[in-house]
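Asks: Chain residues, written in single-letter form:
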Amino acid sequence: MVKNNTYQQEHLLVQDLIQKKKEAFDYLYNNYSNALFGVINRIVMSDEIANDVLQECFVKIWNGIGAYQPEKGSLFTWMLNLCRNRAIDEIRSKAYKNETQNQNIEDYVIKLDENNFVESSIDHIGLKKVVATLKPAYKELIDKVYFEGFTQEETAKELGIPLGTVKTRLRSAIQQLRAVIK
Amino acid sequence: MNIEEYIASGIVETYALGLCSPQEAAELEKLCAQHPSLKAAVIDAQQALENYAALHERKPAASVKANLDAMLDFAEPPIESKKIRLFNPYTVAAAILLMSSVALNVLLYVRLQHSNSELLAALSRNQQMADNLKGNQVKLSDLNTQLSVLTNPEYNKILLKGTPQTPSSLVSVFWNKNSTEVFVSVNNLPKPAVGKQYQLWAIVGGKPQDAGLLPLDEVAALIQMKSFGEADAFAITLEDAGGAESPTLSQLCVIGNVSG
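Those protein sequence lines, which keep their order, are chains U and W.
When you line the first sequence up against the numbering used here, it's residues 1 to 182, in that order.
When you line the second sequence up against the numbering used here, it's residues 1001 to 1260, in that order.
Just chain U, with the same shape it has in the complex (with noise of 0.2 Å):
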């Protein structure tokens, strides 16, 4: 993520929320909020309870700061698992499922794509030239793991392929997305 001057060093902007200084909070709600509810919303597929997750993982985020550890991965990852995370186990809870029955994901993921107006600081342009490269199964994988909280065992069984192969793919998906980067 590219990030604006107020914090150049991540330690520093962790050291600020662990003292629970406000502007370090408006910080990382201007620099993450959009991505992760895009991946909340990705996953639970509804913005009413995408903003409702989020506000939440924001809490979680505020309150449990203190249990990032820096070694173990970057904040963003740490925020990315927690929200993704929360919101896995959202759409396995029985309020979601009784909420959404009646929905059609293919229509939502239409609507979607129509609504994403959000200025990135990513190379979209590039990523998304990536990810129309990656072939669809592989694009599969990733959502199935990444998005809906499927074990590489249950990916496994669901698309009928072996285990080995799964993982395999999914390395290969991610290696493939890794080459934009550098």
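Hints should not be assumed to be uniformly reliable.
Think about it this way: if two alpha-carbon atoms lie no more than 30 Å apart in a straight line, the pair counts; the simulated BS3-like pairs of lysine-lysine are [as the list claims (entries may be wrong)]:
id: 1; chain 1: W; residue 1: Lys1039; chain 2: U; residue 2: Lys129
id: 2; chain 1: U; residue 1: Lys144; chain 2: W; residue 2: Lys1059
id: 3; chain 1: U; residue 1: Lys60; chain 2: U; residue 2: Lys129
Just so you know, these hints were derived from the structure itself, not from any lab.
Model the placement of chain W on the given structure of chain U, informed by the hints.
Replies: Same frame as chain U, now just chain W:
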């Protein structure tokens, strides 16, 4: 363990996707600390997924930020700003005024207490002096009376002298024949025994008549007694307290004839 083979096994991607078992994750994190190449591979995979996630960016509702601003517990503004506020001119002025006022109040209170006690002392002294003055006025009035007796030529002074039993006793009687007033001045008489009292007698035509009792505790120099127009002599006897109808001659203390 060959670290390159370990990286190539796909464990890094599995870890980045959050699909490792806790044991696998703990092992990988431990190895990351020893092998920079493994750590770099993990960061690369995480960044790849960060970017893939960010590809789905969308703007959340504005209410989310507003709700969070209202519900999160932000730190108080830095203490420095409070210090600055503490030393603004109005605060300083108010503090000085308050302290001055308190000091002035204390001073005035102490002075008031002091004045009150002084006033009480003065009132007490005043009362004492008034009492003294009253006493002095009574004494002065007595002395004036006595002086007028002593300086009045109409008064006849009769010395009552002691008997052989009481040779040192001496009493003076001042008698004004015209006004009939009689005064006694005790020059020397023994203190009467308890239950006893001196009584003055006027001898008129050879018969003693009661002229009054000498007060037991009188300190005045001149004591006014009963009045007589006629008398041949005056005498004092020691009687039971309260006096007697007629003198007990055996207890005669002093006696003196009216001269001329």
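Asks: Is it true that the CA of Lys144/U sits at most 30 Å from the CA of Lys1059/W?
Replies: 23 Å, holds
Asks: Can the restraint linking Lys60/U and Lys129/U be considered satisfied, given a maximum Cα separation of 30 Å?
Replies: Roughly 34 Å separates the two Cα atoms, so the pair is violated.
Asks: Taken at face value, is the distance from the CA of Lys129/U to the CA of Lys1039/W at most 30 Å?
Replies: 27 Å, holds
Violated hint for the displayed structure: number 3, the only one.
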